[in-house]
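> Residues per chain, in single letters:
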Amino acid sequence: MNIPMKSTKTRLKVAFGFAVTLIIALILRLGYLQIYKGDELQKGALEQWTKSIDIKPKRGIIYDRKGKKLAISVNAFTVWAYPADIKNPEETARILADVLDMDYDQVLEKLTKNQSTEKIKQWITREEANELRQHGLSGISIVDDNRRYYPNGNFAAHIIGFTNIDNVGLAGIENVYDEYLTGIPGKWLKMTDAANRQLPYDGEKIHEPEDGTSLVLTIDETIQYFAEKAAQQALLDNKAKNVSIIIMEPKTGDILAMVSKPDFDLNNPREPLDQALKAEWANLPIDELQDRWYDMWRNFNVNDIYEPGSTFKLITAAAALEENTTSLNHHYYCNGFIRDIKGEVLRCARWYNPHGSQSLREALNNSCNVAFVNIARQLGKEKFYEYIRAFGFGERTDIDLLGEEIGIIPSSSDIIKEINLATMSYGHGVAITPIQLVNSVAAMSNGGYLMKPRLLQKLVDIEGNIVASFEPEVKRQVLSKKTSDTMLSLMESVVSDGSGRSAQVPGYRIGGKTGTAQKIIDGRYAQGKYIASFIGVAPIDDPKAVVLVTVDEPTGSSYYGGSVAAPVAKSIFEDLFNYLEIPPEYTDEDLDQESERVILPDLRNTHIGDAGTTLTDLGLRYTTEYIEITSDSTVIDQFPAPGVEVQKGSIIDLYLNSRPSNVKIMPYLIYMTKKQAMKTLDEMGLEYTFKGEGVVVDQYPLPGEEITIDTEIVVEFN
Amino acid sequence: MARKKKNEKKKAVDFTLFLSIMILVFFGIIMVFSSSWPEAMQKFGDGYHFLKRQLVFSVIGFMAIIILMNIDYRIYRKFALPIFIFAVILGLLIFTPLGDESKGARRWLILFGFRFMPSDIIKLASIIFLSAFLSNKKERTGTLLLGTIPALIIIGFSCGLIYLQKDLGTTVTLGATLVAIFFIAGMRISHLLALGAGAAGLLYYAVTSEGNEYRLERITAFMDPFADKLDTGWQAVQSLYAIGSGGLFGLGLGKSRQKFFYIPESYNDFIFSIIGEELGFFGSLLVIILFLIVIWRGIIIALKIDDTFGCFLATGIIALIGIQALIHIAVATSSIPTTGITLPFVSYGGTSLVMNMASIGILLNISRQANIERS
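Chains A and B are the protein sequences, given in the same order.
The first sequence begins at 1 in the working numbering and counts up one residue at a time.
The second sequence begins at 1 in the working numbering and counts up one residue at a time.
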């Protein structure tokens, strides 16, 4: 037997010592990990075991003031995949693509991604969800979700706004009150294994979400509908770029309706409603598309500024009345021009037939620039500026909408030169937002109080209990009750006797003021581009609504505020009186005028002087606001059109031009007999083709278009 | 000599060692059951799948202990070469169609319906072969030409066979075990140092050579496992999470979360992490102490046997078990780069359990013939 050497035994002991050293080192390491670093490591482990899934709270409902639902949340389902758990990706992808109407390759790509979870499709219908559940696919889960739905599509689009795919408000009320609407998301905590499956112990914890608060707006769905309808009609009638309407309750500042047309479908806010436009957008690059979206989402009423023109004369008048620098007894003489400003000659709209001597009331009725320059001069620039600010111009009205503009007014009265004071008196050289104008006229109508316009009335919870109620907010008193009453009376005259007659509804007392302003594009007045507006208030004895109609770039038969915007306001007032159950009270005058009607002659292609005489003889008045007129101007168009029956005393818009004489204006032939049409066209020396028999039903070119002797004219009869 | 022994009354085996091993095996069965449950349910729909198999292997292993502790260990010296050649052939058969690939490595052999890992057999066979070789040339062990070089050839050949199976962890384990025997046998310290340098060089080559980038990744991941905890650092981080969340007393037997697919094959190369998680510092310490007892008893046996072959063989067996245990625990505590070494007697695995228990059977037989105090 071989006996081990002594060295072997020594070395064995050394080896054992070495092993013991290593073991002690490992024990120390273990202690360090389990005792010293234990908490830190356990925290990391807990984090990876615990999966927290957000439970989306239900977004609050948006109601109108009468409790009608404008925006709701509906149940929807979202399909998720857990790629690791999918047994047969090809088959699963085929079924998913089939049921959800998706692209097979795209689905397969998602299913085979190296991700723990992958969203397949958001917001599928209940039917789709049920069908998918029947297939019982492994690794596919269908999760309850909710999505925003706007029952009325494009209704009040610019007010309500919309949300993104995660139910976060992006525009309008949805954005401004997102915090209220969102609620507090709940959490579903569960312990999971590495493949996200529930662990057999610890169970799961659910923190219930807190649903969002619902909003009750000041909007009245019915009134909003009237405004929508009227705006859409005006948009079509005037082939305008935009028609915006605000209806406000003067006593509270409540916005009853607000429209800006064209608008968009809230359920699909990135697609224009117009089919042709939609096709055009399909090929746009994304950055350009985004510009278009933002343009589409602009709310003219608060996001855009414009030069108000004559509607601003109300501010001038109210300020001068309050400061006693004018009164109903003051008279102003209009000779057609303001010539005392160095280097500038300002013209009245009717410089060729000056207004002569007129009272304050007449000056407003006639919308006489010369008179208002004098009123402003008597008031003085400091006081005038003070009132412009007091009425809220140059500051935000603080309406609860995004991106409100402040407008452009002089930064102080010191920089107002003589010429500025003069033009500002009739609304030139300032830029305002429609909401500012509505708010200032509301102040004139409610006893002089400038309100904070508002869209939110109260907050209610899911059961309908009131959580918070907001009171109307007075910003400041601008006018005395007396001045306010005087302004109402003045505005009433404008509608009953002045430029705003087209807004008159027989049997009702309506006040208002028209405005027509040439648009300023890139800092210069743009030829042929106007903004026609009408601000109205009714009923005068107890104002319930201030209505502002702005028509941007009307390209139809007229562009005057009195003829383009006032009739829109009229139709709104008619609907409003009906809805608010305000009965008519006919005066004798109403009844008289009802009986006295005249048929309008065709004044086109006649000299302005002759046209004026003709109209005056018929007991009609006329207007030719803002036009660069030369002494030999001829009438190129008129509104209403020839042949229309109008009440005596109506104001007829005349459009003048100094175009070369070989350019003529296509006359209005519709409903003429063949003989009449032939006579009209022969008198103008035009060549033409007639088709069919009877009265004119169609004509080419359309009435009002510029033609020459050589233009081919086709007239259809039926 | 053999005849003389037969006439003597058989001495008892080292009971402390036997008991420690039995506790470890029993403990292993419980831990394999606990840690394999999730995967067994997932893969086989039967949570007891690994438990049943481990029980069967334990029984086989137990029989191996009983049989081998009654077979005189000296017989292996006689048959050292045939045993070694047999093991080498098995090792090479892996590369024939009889070999079986699993998880990208060819380490399995299917023979007569049995699926096993030849590397476990090579380990024991090479220990026997080297022990026999060294005890035969005891006087020349210290020389270079007749001692070190032939021994290194045996060591290198054995290790090379395992390295071919792309199993660096086992290669290092076996290399260290065989060098330990050689060291005990009287290897020159200067040769040992030279060998250490050579081994370091080889290890460097194994890590940096082309096609083995995963090894380098494991080392960078070891430096800072949390830097890439979703990919290369995953195993180390998950093991640390398991051990760390165990704290002093653990989450309780069976209550590991990490075994739910956070730690892949937690019943195998990372079973110590699950022990740490479920039983805490004290549970883990118990396991370490059991291994310390096993090593201590093994060294005592090696010291007390009056036979060079028996001494070397005991050293080899105990070194093999001790080194595997140390590496396994070091990997689990992220003290060394991640490598797949099972915890002897505890981890799941038929061949390794049976072979380890068989080795203990041999060691117990040596203990019978050593002059040790028995409790």
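If you are wondering where the hints come from, they were derived from the structure by calculation, not from laboratory data.
All residues carry an ideal CB built from backbone N, CA and C; glycine is no exception.
Don't take each hint at face value.
From the derived model, a few chain B residues whose C-beta atoms are all more than 10 angstroms from chain A [what the hints assert, rightly or not]:
1) Leu81
2) Gly186
3) Leu240
4) Asp306
With a straight-line cut-off of 25 angstroms between C-alpha atoms, the simulated DSS-like cross-links for lysine-lysine are [unchecked claim]:
5) A:Lys43 to A:Lys190
6) A:Lys69 to A:Lys544
7) B:Lys229 to A:Lys13
8) A:Lys691 to A:Lys664
9) B:Lys304 to A:Lys51
10) B:Lys229 to A:Lys51
> A separate judgement is required for each hint: does it hold in the structure or not?
Now for the hints, and whether the structure bears them out:
no., hint, in the structure
1, Leu81, "holds (18 angstroms)"
2, Gly186, "violated (6 angstroms)"
3, Leu240, "violated (6 angstroms)"
4, Asp306, "violated (5 angstroms)"
5, A:Lys43 to A:Lys190, "holds (15 angstroms)"
6, A:Lys69 to A:Lys544, "holds (24 angstroms)"
7, B:Lys229 to A:Lys13, "violated (41 angstroms)"
8, A:Lys691 to A:Lys664, "holds (23 angstroms)"
9, B:Lys304 to A:Lys51, "violated (58 angstroms)"
10, B:Lys229 to A:Lys51, "holds (18 angstroms)"
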